[in-house]
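Student: The chain contents come next:
2 protein chains.
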Amino acid sequence: MAPELDTRAAVEVASFADRLVEAVERKRSQLVVGLDPVAELLPMELRGDARTSRGQFADAFSRFCRGIVDAVAPYAVAVKPQIAFFEALGAEGVRAFEETCAYARQAGLLVIVDAKRGDIGSTARAYASAFLEPRPPEGPLGDALTVNTYLGRDSIEPFLSACKRHGGGLFCLVKTSNAGSIDVQDMALSDGRPLWKIVAHMVNELAQEAIGECGLSNVGAVVGATHPRAVAEARKLMPQSVFLLPGVGAQGGTPADVARAFTSGPASALVSASRSVIYAYRNDPELDWRPGAGAEAKRLRDEVWAVSGW
Amino acid sequence: MAPELDTRAAVEVASFADRLVEAVERKRSQLVVGLDPVAELLPMELRGDARTSRGQFADAFSRFCRGIVDAVAPYAVAVKPQIAFFEALGAEGVRAFEETCAYARQAGLLVIVDAKRGDIGSTARAYASAFLEPRPPEGPLGDALTVNTYLGRDSIEPFLSACKRHGGGLFCLVKTSNAGSIDVQDMALSDGRPLWKIVAHMVNELAQEAIGECGLSNVGAVVGATHPRAVAEARKLMPQSVFLLPGVGAQGGTPADVARAFTSGPASALVSASRSVIYAYRNDPELDWRPGAGAEAKRLRDEVWAVSGW
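The listed protein sequences derive, respectively, from chains A and B. Just so it is clear: in the first sequence, position 130 is 125 by the working numbering, and no numbers are missing. Just so it is clear: in the second sequence, position 158 is 153 by the working numbering, and no numbers are missing.
Bound conformation, chain A alone:
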């Protein structure tokens, strides 16, 4: 988008899938901690700083997310900042988002930007540039990005192209965790299959174009942990894709519900939990927020690793 800022040359960096496999095996963890900062839920000590301006709220978001990163870094392989919560504060919020991404990468965590972007042609390239291309002198904001598949294969290709150049990864929405996912994703096609299985087929084709040395693809899939049967079926349809499984914790899914996602290897699925980890301190008035998040991350990491069978 900005020629002087854009480096089109391929960078010598291991692919997302390969870096993920290394991190999963080293940390014995398949845990992704979602960063969903919400003003009303922040610890008092941070809320006290944020009274009047968007900039002050954004500073509090940044401090909160950096504290969570410190607390969960030993137990999680990645954080998943949800950009919507930052965008709610406008440009100042996006600055806090950028600080959070940079801090997490420095802490040795992979960053999965949860933005669910989806658009066509030059617009998709602009989004890819925003999240997956290096920002000299720094790297990309994200190691991977969630993308929406409703616009079809040509809307995903610009993202995939950026991933190939810069070692990034994608998580394509296939079957989302919400109850309303049935409205579109579960529509029965003429051959009886629900729509999401066709999307899974498309994602699997894209995945074949971007297999890492580890054998897993840099094109992954979002499959809600709230639909255990769909998780097992999706695994068969996309055998080499890493699954990002939201919905464990506050949304009601359990690690046992997603055990079958791990049959393609210890790094073939990632369990994502947000509120149940980052706001764990709210269940125990004695608990400081950072150790609270760390303890819940450790507990969930251990539980997921156990059910994964590795």
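None of these hints come from the bench; they were simulated from the model. Heads up, a few of these hints could be off.
As the list claims (entries may be wrong) - Non-contacting residues of chain B with respect to chain A, defined by C-beta distances greater than 12 Å in every case (computed):
| hint | residue |
| --- | --- |
| 1 | Lys22 |
| 2 | Ala125 |
| 3 | Ser259 |
| 4 | Ala290 |
| 5 | Glu298 |
| 6 | Ala301 |
Claimed, not checked - Cβ-Cβ distance ranges computed for the label pairs, FRET-style:
| hint | chain 1 | residue 1 | chain 2 | residue 2 | range |
| --- | --- | --- | --- | --- | --- |
| 7 | B | Pro261 | A | Asp181 | 34 to 44 Å |
| 8 | B | Arg21 | A | Ile206 | 54 to 64 Å |
| 9 | A | Gln203 | B | Ile177 | 13 to 23 Å |
Here the structure is a predicted model, which is why all the values come from computation and not from measurement. The beta-carbon is built from N, C-alpha and C at its ideal position, and this holds for glycine as well.
Fit chain B to the supplied structure of chain A, relying on the hints for placement.
Tutor: Only chain B this time, still in chain A's reference frame:
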């Protein structure tokens, strides 16, 4: 999201559809000008200012978009800033996006934020807050927002709720203008219909919840001008929705292709053109960029009004 910044009380503002009808009739225009700033395509005088930093590129984007707003304000009812191009420059780009939205509203244009957001529950509420809720002391960034429908009805409802409180509008993706839209949107369902018609049915149900005094709904639909037959069919399925019709100009659609979208009234469809208007100066080395955009906006406004039959 940020309690001190959030005004939950309903604001006494006319609904989006009613404000749109007033603007369309006053300007005799159904033209929306898309703002897609791309560094390589900016006029030399602006590119000269942008050499090294993201902030300088963002300043150039902001100056460019404000110049376009001045040039097209007499002929367009709305501008449609595509946020991807601004996000490519990070927080500085989002600042330029905010400046552009504020400037366009001051110039008497409606602002349709093209962000194609789609997510669930509290995340959708955060996006609604970002784009459709007031930012005291100012109003919302956008008068309306494009949203993605793949996640289902419960993912749209938080946006609709914000629209009802603050007089905003939605344009739900139904049938997009890209060739790859067939991959998912045209999948044949068990009753033979393509998927997008089911989405149109869902959008029409949501539209019934938000009819303005003018009889049109605040829940509209995106239907690509590149699919003329789908436009005519979509009109029957969503009789009270305003259609946002991208794809005229650079993507190959013509005003004649979408004439049948206007059968529900002069404001029942909006033709959106981006590159063919804002970069019109590139076709004529004698032309200054602002008058170039103004002349093309006037030409297209007149052509669309003529085919609309009003």
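Student: Each hint: holds or not?
Tutor: Here is what the structure says about each hint:
no. : hint                                 : in the structure
1   : Lys22                                : holds (27 Å)
2   : Ala125                               : violated (4 Å)
3   : Ser259                               : holds (25 Å)
4   : Ala290                               : holds (24 Å)
5   : Glu298                               : holds (24 Å)
6   : Ala301                               : holds (28 Å)
7   : Pro261(B) with Asp181(A): 34 to 44 Å : holds (38 Å)
8   : Arg21(B) with Ile206(A): 54 to 64 Å  : holds (57 Å)
9   : Gln203(A) with Ile177(B): 13 to 23 Å : holds (21 Å)
Checked against the numbered hints given earlier, this structure breaks only hint 2.
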